[in-house]
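S.K.: Which chain is which? The protein sequence lines are A, B and C, in order. For the first sequence, the working numbering assigns the number 1 to the initial residue and increments by one for each residue that follows. For the second sequence, the working numbering assigns the number 1 to the initial residue and increments by one for each residue that follows. For the third sequence, the working numbering assigns the number 1 to the initial residue and increments by one for each residue that follows.
It is possible that part of the hints are untrue.
[As the list claims (entries may be wrong)] With a straight-line Cα cutoff of 25 Å, these simulated DSS-like cross-link-like pairs (lysine-lysine) come out:
{"#": "1", "chain 1": "A", "residue 1": "K424", "chain 2": "A", "residue 2": "K360"}
{"#": "2", "chain 1": "B", "residue 1": "K171", "chain 2": "C", "residue 2": "K289"}
{"#": "3", "chain 1": "C", "residue 1": "K85", "chain 2": "C", "residue 2": "K289"}
{"#": "4", "chain 1": "B", "residue 1": "K89", "chain 2": "B", "residue 2": "K60"}
{"#": "5", "chain 1": "A", "residue 1": "K424", "chain 2": "C", "residue 2": "K211"}
{"#": "6", "chain 1": "A", "residue 1": "K487", "chain 2": "A", "residue 2": "K465"}
{"#": "7", "chain 1": "B", "residue 1": "K89", "chain 2": "B", "residue 2": "K171"}
{"#": "8", "chain 1": "B", "residue 1": "K98", "chain 2": "B", "residue 2": "K171"}
{"#": "9", "chain 1": "C", "residue 1": "K211", "chain 2": "A", "residue 2": "K465"}
It is worth saying that the hints were derived from the structure and are not from the lab.
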Amino acid sequence: MSAQTNAAARATPILECRNLSIAYAGRTGDVPAVIDFNLALMPGEAHGLVGESGCGKSTIALAIMQYLGRAGRVVGGRILFRGRDLLAMKGEELRSIRGGAIAMVYQEPMASLNPSMTIGAQLIEVPMYHESMERRAAAARAQMMLDRVRMADGERIMRSYPHQISGGQQQRVVIAMALLSNPALLLLDEPTTALDVTVEAGIVDLIRNISTEFGTSMLYISHNLGLVRETCDRVTVMYSGEAVEVGSVASVFRGMRHPYTRGLFASMPVPSADKNSRPLVSIPGQPPPPRARPPGCFFGPRCASFVAGRCDARPVPLSSIDASQGHASRCLRVDEIAWDAAPAPGPGNITATVGDIVLKVQELSKRFRHVTANDGLTFDARRGETVAIVGESGCGKSTFARILMGLIQANSGSIDLAGLELSKLPVTRRNANTIRSLQMIFQNPFDTLNPSHTVGSQIARVIRKLGVLRDESRVRERVLDLLDLVKLPRDFAERRPRQLSGGQKQRVGVARAFAGNPSVVVADEPLSALDMSVQAAVTELLIDIQRREGTTLLFISHDLSVVRYLSDRIVVMYLGQIMEQGRTHEVFTPPYHPYTEALLSAVPIADQRYAKRKVLLTGEIPSAANPPAGCPFSTRCPYRIVGTCDRRPPPVQEFSASHRIACHLPREELLAMQPVFEEVTQ
Amino acid sequence: MGNLIVRRVTQMLLIMLTVSLLLFAIFDSDQFREKAAVAELGGFGVATLSADDYHEWLEKKGLNERFLARYGRWLESVLHGDMGQSIEKDIAVSVLLKESLTNTGILAFFVFLIMIPVSLTLGVLAGMNTGSPLDRVISIVAVLTTSIPQIATAVLLTVILALGLGWVPTKSAMADGWSFRGLVLPLLTLLLYDIGYLVRMTRAAMTEVMASQYIRTAVLKGLPYRRVILRHALRNALIVPVTLIFLELNGLLSQVVVVEVFFQYAGFGRMLFDAANFGDLQVLQAATLVAVCVAVGSQLLSDAAYVFLNPRVRFT
Amino acid sequence: MNSRVVILLALIWFPLTAYVMFRSALGALANYLLLPAIPSVIVLYVLALRSWRESWVAIVGVSLISFWLLMAVAAPYLPLVDPNKPLVPFLAPGGVRHGILFLLGSDMRGRDVLSRTVWGCQRVLVWGITATSVAYAVGAGCGLIAGYLGGWWDEFVSFASNVLLSFPVMVLFILVLNLLGQSGFNIIIAVTCSSAPVIMRIVRGLALDAKSRDYIQAAQTRGEHPLWIMLVELLPNVRGPIIVDASLRLGYTTVAITTLTFLGLGLQPPDPDWGLMIKEAATAALLWKYSYMMIVPALSVSSLILGFNLIADGLREMSLRD
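Just chain A, same shape as in the assembly:
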């Protein structure tokens, strides 16, 4: 290829969406899902499509693939692939594009692989049907590709069925499958959402290298701004079916010019800040339902800079801000808003005064047949304190919560709550006072409320059951007070859970937990299923109530960035054991446990002011049924001392009265560790 044609090829976008509009047929007419969407994706470029659930980002990917289902259809605009109209393609032509020139990676790898075919059989289909390759040659190619997506033991993987390999491996297989035909364009739809953070970090690293290694253009769909920063060159921020801001990642993330983008950043924790220095600011309200979008700017009703009569007059066009960066924003008041104004200062010290020890856990262990879920947990929590328990799936954090709540019983060890031994006392044998003083907030907002009963009756039941109040009119009054407490309108008492959004349900969950004035509240991943802007609001609420009531909060999470925001102390768990515990700033600064270091490094950071040291873990989280000998982390630890770490359990080293690390590494080496985050001076 001559240099000239090469340059020409670079000038035509691989993929272009022009004024693309997509709608789903509903019972009462079409519901627009994507409105007037434009995109130009250049060869070798990675473009991020970011937004909260329901903003239409996945619909765009499926429209490109022409797989919108029976109800969905493109109602306007064009999708051009290398200048050719994709929407006009039919039959054989479309088939050769799908999986050939354009390939896709999906959100749930397990569901995306055929459960009754071996991985090998599913992989070799791609070269066999796109390049008419012989079975044997295709198998060789497939195995080579598994190697290139960094899967050792490709031969065994090829012979396995999807359920026999881990989630991270499944996603690597799906990526390998997509890359097998050497596509020009790769669509990635939330490829790491279903994975653990340290596994996610590995996949993200792989994706980041795809465009350099394979020259593939990518459309990366995600709800996570941090992941987009780590993988993409350009970004489109979507809100309610519209692109609200477009530009290079550097220009958008450093100088956002749409109130929604700015709101998203304000609602995300940053590595250096904690709850005392910079509060999270949530975006008020919630996205409009697709049937009832407001006139003018869709973000208008939630926008602090909203001007009636202007913002709601007519549809707002995208206007260019910086042509060199391709930066544009769908805001009428781009030139009027003071974008660089500092965020509101923190309220100062909002930590409640920490009191005496309320909860004392000692040498707590729980085994299920062959699985050791908790192994010698020892820590305590004080009055008014927030203790975070952090770890990935299978680390035993939920098992601990279930023991504490009395749903299952421990094998050995003790839990002391105000002088009462709870580790072997099932909830059915606890007295009302104990039950009342220990309540829980659950993970899944869509599951936390009983769909058959009204919100009010569910809160009232807790009040009555826990014996707080008996008199009906006072119970009702207390229900309304609790709704006020979690900032929900009083008429929500009469509503049923399906009429509430995820964040609202989670607020009701909070109200229910605090109904009996508990002394300890266990929150089991209460934020993980919520959208970013909603997470901030619920976090805010929790901190606020806790401070007011002086409650002890045990906050269970897999996400270190949120935890930093909320907690006074952190307990890091891995495969049933405590790896490190200490005050929040102690855990976030060296010395680190090697696992903590990897966890910190795995957190995607969107904020351009921070750089992060990369620590990549190899391998998968071992099964709890078959844990490694010695230190549980020894199979993945980059600092592993062969002969020691894989033989003997690690000693607990004390670095301060509150900071303890369970590790074989010499004290000096731990102390010499470098921080994971660094502030970049601009």
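Assemble the complex: chain A is given as a structure, and chains B and C must be docked to it using the hints.
M.R.: Chains B and C only, in chain A's frame:
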């Protein structure tokens, strides 16, 4: 997987043991004893049977012994293949059983021969493209045929094919020797319902598979439609229908009672029904035992098929 | 299901059941018992039409069922001759004798087929629905216990249901009805023996699924009694699939009851019953010109079962759409 099968077989044996005990207890009850006594002694109903006669008969039959002892003896003789004697027809139960099972076997053979290909094909065609005109037609016909109870199907088919058109005999007693024409009405009656049922189940399974994410992966991988259906969809969609086909064996045992009685076909179902009416205790006992064996066996086969067809269960 | 529907159902159900099961004991009261049920059926039908208008399948189904329900409650007030009275044998449909129009003809004993069909639907509906309800009470109770409590409860209930399921249904019917004697109440027992294990399995599966939900854990962590959790927290959330299955099962039970009468095992003559009508005609009048005697009850029972099946299909379709 081996573990699973061993557990299942043990469970089945335990169930069979319980069932045999239960059956023995049922036939040991006064209701059935009196029925048998009346049948054998030729009384005109229990009223004419004097208490003394009845008692003497019990003595003679050895029915006054302890329950468990008699159960043991009965179990032993059954395990040796000795099922006793038919009072009504005065031949060995095993001979009677063999004859009737052969007749029902022929009927069942044709049912499965036609049902399996027809209903799987129709079900897959309907489920492949839910909402298409073909799907609508297949679904409506299937819901109609499964809504007509077999006595009604038998009536309607008799009226049309036998009384109206005169193509086939109204009854399938086959007094002048075996004929396929005589088999048509019972066969069609069984088929209409069973095909409808299996079509509905296959369609539901296929619809679910077609909506799954791995079919989306296969389509977006650029595979030809044929390959998506034949290699990716069918294998998963047929797991449930195949297990149901084995369970149909169980359902058929119930259905043949009605159909064989209606058409007077000399099969297993009719034998069972007659024995119950007449009070032919040994025959009834043997027939129920066979029926339960077939039912339990079909459940075991169905489980085995599920495990075999489903890699997620097979390799764990 | 809202309270209005429950009240309407009760207004239809209790009088009809009392009328069919204990008519002789009721005396003169029996004549007025069914009057309030007639408007109730109509109101219920209108309510169903309004809330199910998205599914024409369900509409057709509920129309069929409502028609037969209306026939059942209105039978005493319709201008029909006594269904058991021999008048003119073998009269073809449309014939007139003694100034009486035999719209659907008369049977071999001279009884009016139309009258027998209309009255027959009472027995089929009452015994069918009652038997299904009893089977559901037993099966759902066991399923909740097995699914929610688990452990030995589950082992025991599951084993018992496996034992019952290893009998082919018809064999079970023959055994139970021969053992206990042939009557409507024993049909209820027989249907319960055959249906409850299946219902148990379905409800057990639903309960197992619902048990892992956070709202159940929330109830457990506030120390609710298992009975409260099963009945108040669990049961209302599994009712969707249960209503669909119940509708299908009503169809199966109707089949079972007519089949049993056809085999001479269930409800006893002389009161009319569709299975009985088919049986009598098939033995005494198996000729082309008398085929109406069989076809009328055969089509009646088929339309009733079709109604139940279509309601089930429609409800399932609507639940998938949401």
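S.K.: Does each hint hold? Answer for all of them.
M.R.: Hint-by-hint comparison with the structure:
Proposed proximity of K424(A) and K360(A) is supported: the alpha carbons are some 14 Å apart, at most 25 Å. Under the criterion of a C-alpha separation no larger than 25 Å, the hint pairing K171(B) with K289(C) is consistent with the structure, at around 18 Å. Annotation: proposed proximity of K85(C) to K289(C) holds, straight-line Cα distance about 22 Å (limit 25 Å). For the suggested pair K89(B) and K60(B), the alpha carbons sit about 21 Å apart, so the restraint of at most 25 Å is met.
At roughly 22 Å between alpha-carbon atoms, K424(A) and K211(C) fall within 25 Å of each other, so this suggested pair holds. With a CA separation close to 24 Å, the supplied pair K487(A) and K465(A) stays within the 25 Å bound. With a CA separation close to 22 Å, the supplied pair K89(B) and K171(B) stays within the 25 Å bound. Proximity of K98(B) to K171(B) is assessed by CA-CA distance (about 22 Å); at most 25 Å being required, the pair is judged to hold.
With a C-alpha separation of about 20 Å, the suggested pairing of K211(C) with K465(A) holds against the 25 Å cut-off.
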